[in-house]
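S.K.: This is what each chain is made of:
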Amino acid sequence: MSLLLIWRQLKRNRMAMLGLLIVLIFTLAAIFAHWIAPDDPIAMNLRQSVEGPSAENLLGRDELGRDILSRLIYGARISLQLGLIAVGIGIAIGVPLGALSGYFGGAVDMIIQRMIDVMLAFPAMLLAIVLVSILGRSLNNAMIAIGIVSIPVYARLVRASTLTIKEMEYVQAAKALGQTDLGIIIHQILPNLLSPIIVQSTLQVASAILWAAGLGFLGLGAQAPDPEWGAMLSSGRDFIRHAPHVVIFPGLTIMATVLGLNLLGDGLRDALDPRMKL
Amino acid sequence: MSTYITKRLLMIIPVLFTVVFLVFFMVRLIPGDTAEVIAGEQASAQEIENIRKQLKLDQPIHVQFGHYMSGLARGDLGRSARSKRPVMEELMARLPNTVYLMLAAIFIAVVVGVATGTISGVKPYSIFDTLSMFVALFGISMPVFWLGLMLIIYFSVNLGWLPSGGSGTWRHMILPAVALATVPMATISRMTRSSVLDVMRQDYIRTARAKGLTEMSVVWRHALKNALIPVLTVIGLQMGTLLGGAVLTEKVFSWNGLGRLMVDSIVARDYPVVQGAVLLIATSFVFINLIVDILYGYLDSRIRYD
Amino acid sequence: MSHGVHGNEKIKVEGEKTLKKTISLVICLLLVVALLVGCGGKEEVTPEVKDTLIVAQGTDVEYLDPHGIASTPAAIVVEHIFDTLVTLDENFEVVPRLATSWEVSDDGLEWTFELRDDVTFTDGTKFNAEVVKFNIERLLDPDVQVLLRSYIIMADSAEVVSEYVVKIKLKYPHAPFLHRLTASSNAMVSPAAVEQYGEDMSANPVGTGPYTVADWVKGEQLVLERNDEYWGEAPAMKTIIFKPVTEDNARVTMLEAGDVDVIVRVPPLEATRLSENEDLVVQQAASTRAIYLGLNVTDERLKDVRVRQALNYAIDKQEIVDVILSGAGRPLDSPLLEEMFPYKKVGPYEFDPEKAKELLADAGYADGFSMTFYYTEGRYLMDKRVAEAIQSYLADVGVDVELKTMEWASYLAFIRQPIEETETQMFMLGWGPWILDGDQMLYPMFLSEQAPPAGSNYGFYVNEEVDSLLQEGTSTTVESERVAAYGRAQELIWQDAPWVFLHSEEQIVAMKKGLEGVVVLPIEQLRLAGARWTE
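Chains as they are written, first to last, in this note's numbering: chain A, 947 to 1224; chain B, 78 to 383; chain C, 501 to 1035.
Any given hint might turn out to be false.
[Claimed, not checked] One-sided and incomplete, this derived list gives chain A residues near chain B with beta-carbon spacing under 10 Å:
no., residue
1, 1060
2, 1064
3, 1198
Just so you know, these hints were derived from the structure itself, not from any lab. Virtual Cβ for every residue (Gly too), placed ideally from N, Cα, C.
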């Protein structure tokens, strides 16, 4: 399906366009944080600790008197980057595993599927917690952990699609023409998997952001003073009575971003493959 | 069908063995060990060595593993490094709390999710449908712990209606259960909606209508029953999300459950408890998945296993 | 899901199937409801008669064999079930408990205690000199997990002089020995119980104290009942319930809602608001917990004393205490705290960024330098915020620090590395001794031979004069000599600045109005035996 066609499909879906708009806003904020943010995200100002929203600080100041809006804008950079890289890791490992599993079947399939079963025996959040504990607390390690946790999603998705695609005539034809297995996987099968992977990835970035926030909340994410959204929520918790804005705004931001990604993902799914509707 | 179940059951054994193996080595890869933690910052190096010896952490790791496995074979999960109590006792003190919390969450999710989903499915594109879809979308986009904090701000701090933490009474359960229920509720609602929509288009519904049944009984007696098959699957699939969410929810609400025990034990490097908790969670998780698959096959006999 | 088969047959089949489905579904739902109802039935009824006290602690009590404890919440509970030989009173003086009087030999090596003759353990075992001998030997037994063995390690053996007189011999003269016996980890346990329960001793604590354990649901609550055979004054409260509530805010809401009577570790932010509540009383007390920034003096830059002093001048401790701790602390003005013996005020380092810059310039770091600052979160009051604030202060004088958090266990392992392997530069830690003798603060932290892995001199500080002063202070039993030696040591340490001296924490306890007799000791102890309701 051509990109243009997808775009036309997508354009008709108002919810998806809303999602796209939200995602665009956050992406732009992330890229141009330096120019957009009204204040330095880590400049402390103790005497103005937890001041409420005002004309000067639209979303107020946090527990160390830092401008919350600026921190959220810089935080977009962390969260989007984290989501993309984590999902990249998931794709880089999960897609080949799934393709091999589905294409070769037999023993390869058996082994890979049992590996996936083992990973799925842990609830994702718990596995991520254990992995970050092992690797040590940092943003990079949180990314790696979330990436690993999302491997099974891709492996399963790709395996299922590969099973169908490999029976297709053109794949059989390529085989008959003497193309190698690797060649077939790369040239015939993977291109056809692009749309489900894109759809899944949009939704997966959303999950990754939520997981990262959860890890940040448990104190397993970014290092201070990085304005990671989950960590902001976590440290704002002490002020829940005095200055709820410290907790409310980061939460709303996470919600808006995830909502945008979910809407866009659903829209893409409809546009790419109307049958895949949930 | 029965060969399928046997096959699946047999596959569980190597999976669980690998889980045990992985967890055993993974927790030992985490920097810092039990002895350091229980000794605290005032203990001397000598004392830390003593504790290592008492906990048998000074033995080679394969010996420790053999020891653990032979205990496991006898159904002995070992003793907690911190409390010196049998791990089983520690787990059983928390398991009911987590189970209650999850059941309450599932109950809320199913009742609300199916109800809203059905109404939306019967009257698609109505105001109610659009509204509930929006609510559902927000529901799955919120970090569960943040929702928990918001519920605390509103219901505990501002209104003072419900306790903000602790476990024990049903009043303590409401807020954490609602927070935990949100994501599955949203998913179930959307799932119900689309499957009700699907079912309502079927011939037999048309036939039922033609027989002069009221809309209400058509929906209730025919549509809903069929629409619930996929919902059941969704409930099963949500178990993982629920368990993961339970870790965070239990923390926000100081709920004395398994998730919190596990996180606390990881922090304290209480290896036997972490191992026991993960094994318990993984086992129940694997079985839940199996049961869902089987039920699914049983309910929807179009799916064949061989 | 599409059910594509058409025709009337389908309806029939569907009908049968759905019946089964409905039945199973109904069963499932019933099960859920039953469990919910079953759970709801667990609700506790608070008795109307006011002789019950419910206390919310910040962490769960893990272990109740006194000899094996190292955590404050456990010590608080232990103090209500067990007795030590001597104890601290409200004025922080050492007073008799199970021992009625004592004397020390001239060489400081033999301590003789006269014991009470009217004390029985709750399992019927008589308390006497044999029991003390048994306990001392158990505390010294390397096969028993004694985490705070440093509080008894100087003891060599115990000897029964007569039924109620016991003589404890020391390996070397140790002036603070009496203070050490006040530590909760040196409480007396029943030898018969040790014999009977072995490893399960913690689940079945048997002591001589005012309370016994009636019920213990891990992670949920620990119920103490009054010991009616108690040798001392009978406590007013029949029941004390300890509940672990880890979230700070949850404890506060529970107190406000009336679910609990006393809460510890009130977040400083909440203290003001709670004290404005007419139904509540807030008690703020000093603690022995000192928070400091350890400096690895073997680091190229930190080995220069001017740099270390500069760091001390660069940080506004008062502002940290006022704003971040909302006043629940005091800036340090000596390596010892005011409540400790023998404290001498030698500071503070006033906040003076200009002076800090000068000192740095003198040391050749006019342009500053960068460094890694390690800390752990959630252990000390507002620790993350304190760390972030320090980073910001240091940036103002040109010292660029990168913050690195580690989880407690990893952190401990990290700072405990010996000198050849250490990677520390700057690290934040707290130290809260369980006794009020300054020895437990100065000796393990500043003596050169206490460098890791041996002890807690994590920054590898070496000053020979300090070493000999500390040795003198710990061994001589002449009080004036101890005061002199420790006084000089405090001065020297302060000038050498092996730490950035930050602040000491204050403990905030909040309780319902009408509750009297709750004692908060600086060693983070909460004594409830004298508590009673007045209304």
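S.K.: Determine for every hint whether it applies to the structure shown.
M.R.: Okay, the hints, checked on the actual structure:
no.: 1; hint: 1060; in the structure: holds, 6 Å
no.: 2; hint: 1064; in the structure: holds, 5 Å
no.: 3; hint: 1198; in the structure: holds, 9 Å
The structure is consistent with each of the numbered hints, conforming to all of them.
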